[in-house]
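Line order of the protein sequences matches chains A and B. For the first sequence, position 293 matches number 293 in our numbering, and the numbering has no gaps at all. For the second sequence, position 98 matches number 98 in our numbering, and the numbering has no gaps at all.
It should be emphasised that the hints constitute simulated quantities derived from the structure, not laboratory data. A few of these clues could be false.
[Claimed, not checked] With the Cβ distance kept under 8 Å, some of the chain A side facing chain B (calculated, not the full set):
| no. | residue |
| --- | --- |
| 1 | N2 |
| 2 | K82 |
| 3 | W224 |
| 4 | E272 |
| 5 | I294 |
| 6 | N316 |
| 7 | F320 |
| 8 | Q334 |
| 9 | Q393 |
Positions of the beta carbon are idealized from the N, C-alpha and C atoms, including for glycine.
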Amino acid sequence: MNILKFITAGSVDDGKSTLIGRLLYDTNSILDDQLEAIKKANRKNNDGTVDLAILTDGLKAEREQGITIDVAYKYFQTEKRKFIIADAPGHIQYTRNMITGASNSELIIILIDARKGVIEQTKRHSFLAKLLSLKKVLVCVNKMDMVGFDPFVYEKIKSDYMILANRLGLENVDFIPVSALKGDNIVSRSERISWYDGASLLDYLETISIEDKKTQPWRFPVQWIVRPQTEDLHDYRGYAGRVLGDGLTTGDEVVVLPSGVRSTVKSIELAEQSLDQAQHGQSVIVHLTDDIDISRGDILVAASCPPLAERNFQANICWFDNKPLDKDQVYLLQNHTTVTKVKVADVLYKFDVNTQDKQYDADISLNDIAKVELKAAGEVVFDLNREFPENSQGILIDPRTNLTVGALMIEDVA
Amino acid sequence: MDYLDHLEAEAIYILREVAGQFENPALLFSGGKDSITLVHLAKKAFRPGKFPFPLVHIDTGHNFPETIEFRDWLVEQLGEKLIVGLVQESIDQGKAVEQRGKNASRNPLQTVTLLDTIEKYGFDACIGGARRDEEKARAKERIFSVRDEFGQWDPKRQRPELWSILNGKIHKGENVRVFPISNWTELDVWNYIKRENIALPSIYFSHERDVVLRNGQWMAAAPFLQIDGEDIVEHKSVRFRTVGDMTCTASVDSVATELDDIIEEIKASTVSERGARMDDKVSEAAMEERKKQGYF
């Protein structure tokens, strides 16, 4: 059994909370005392059904205002898979929260109201899915009951969406017609949508493969040096970290970046057991054949296929801070275990998040997404977003406030 | 990767980030299954080296004796350092005031002792075993959760956490609470305990003891619980699903003596784990309010 992480983006009006509530409820993931708490809070929808949004709106301020402000993570499990849902607000003023949720997801469910079709919000969410390189997009055409389960409405929305997907370069898009409120095509196939011959939503989520087809060369950012310094383990020196990419194997030739020193993988350990090969995502300890100076922040890479190491590069950046980006200010770029001082040398353009048009406006403020050129105080080790997204990502920290003020994905060398 | 391998790898990664990013971290150890799981994960993260942090137990003085016995046994086995912060000391110093009445509990007083202990030792990061599935305010919690110099959590000013990148930068006086098993559910913890064969205090398994009925739930008849003629006391076969101190943790009827039985029991349960916690039932936002005050 493995894990699928997905994000549902949308507002209350799209039926996002109803959809999540339905998935949790119909998989028996809501327990009696939690239901009792909902009933006690006595929040009802307009049609008198119990408002399941209260399950995901965890903060007092959210319940008072009846809106999702922050990302909440929800968990459920079936016989086939464990699921982690990032429940994020859909409104434009919470774009940063949606980006945060999406960054921790593999699949995005985009909800389209069958009566409204592809709207501005659909475009915005799809653009963010592309920007963050999500592996799958699932479009749920919701409220099918409100359009009489009409296949032509569904087909029209599908073709409208595919125009958008092609324009954005979104691959791996699937569609399901549903009614979250009535439960059609959520857990099982609906008889009322007999013209649709695909899977129900739950079936789809349980079976969809999110494995990368393309293998990536391995990278190993060093987090911590394990040195017991005891008598019997006097010379033990292990590099602890989490593997990115595939095929880290005993005997591999290694380059240590940024120093460029070369060595060979002597052994790999997981919980004091040795492994021949470590997989993507595994937290292991690596030993090298040579005694060289390595510390936290260094990255070991496959000598056969090293990443880039550059001081100047271009990135798409999402701005999270209330204070606008300041080009005269030094920020800290944290990518994996490395922290480097950077400055934004130039704002190339800004995206209109609804239309994806480029705007030539140098002011970057809260929720803005822009392409910028960065200048770093030292070499930054990375891969390009289009080649290896996980090694192109970083956050920007304002050293005066220590806040995370931006997220970035490196797109090109300058 | 199997889901337990994935959760394990993520937690180890988080523990190593704590070691790498902070000067003086600590692992908050309550003697409950979640913190015992954390200790097991720390072994996987740092062995054959030593832990880069001590274990810290905030002792209410109202613990189950079985928990304390287990704590001391585990620390001995590990060969790691244990620091104990005593709630009794905070009471003696007048910093915390004992609650009165039948439902008196030292649970809220823990926060005072915790914050004092953090200050006394200058901890800049405290690792805890809280999980997002436990409670709705915890569902909003970050993995690295920054507290101000008064230990307060501000849910509206949380840092966004992207990908697996954790920002541990803080100002002097602030500290970070770290939750490596944020993404685990109760069932995941039990399945992991079984897979890894992790030892637990005996109170997690079915046993017979005197229990007293309070607010519809059966509490262990502890010496520091006010029991009078109106109370119903029975001798029952019970176990504890969650372990806080004896004044706020109710038992569940159970004959589960093996991990497999417990796992089956939890799968079939229609009540959540925190349903047995009196401290959460005070109000709808009870957890959020306590967290704002500095509770972990």
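Hints and how they fare:
1. N2: 6 Å, holds
2. K82: The hint holds - A/K82 has a Cβ within 8 Å of chain B, the shortest such distance being about 5 Å.
3. W224: It holds, given that the least Cβ distance between A/W224 and chain B is near 5 Å, below 8 Å.
4. E272: Constraint on A/E272 satisfied, holds at 6 Å.
5. I294: With Cβ-Cβ at 13 Å, over 8 Å, it is violated.
6. N316: Interface hint status for A/N316: violated (13 Å vs cutoff 8 Å).
7. F320: 5 Å, holds
8. Q334: 6 Å, holds
9. Q393: Holds - the Cβ of A/Q393 comes within 8 Å of chain B, reaching about 5 Å at its closest.
In summary, the numbered hints that this structure violates are 5, 6.
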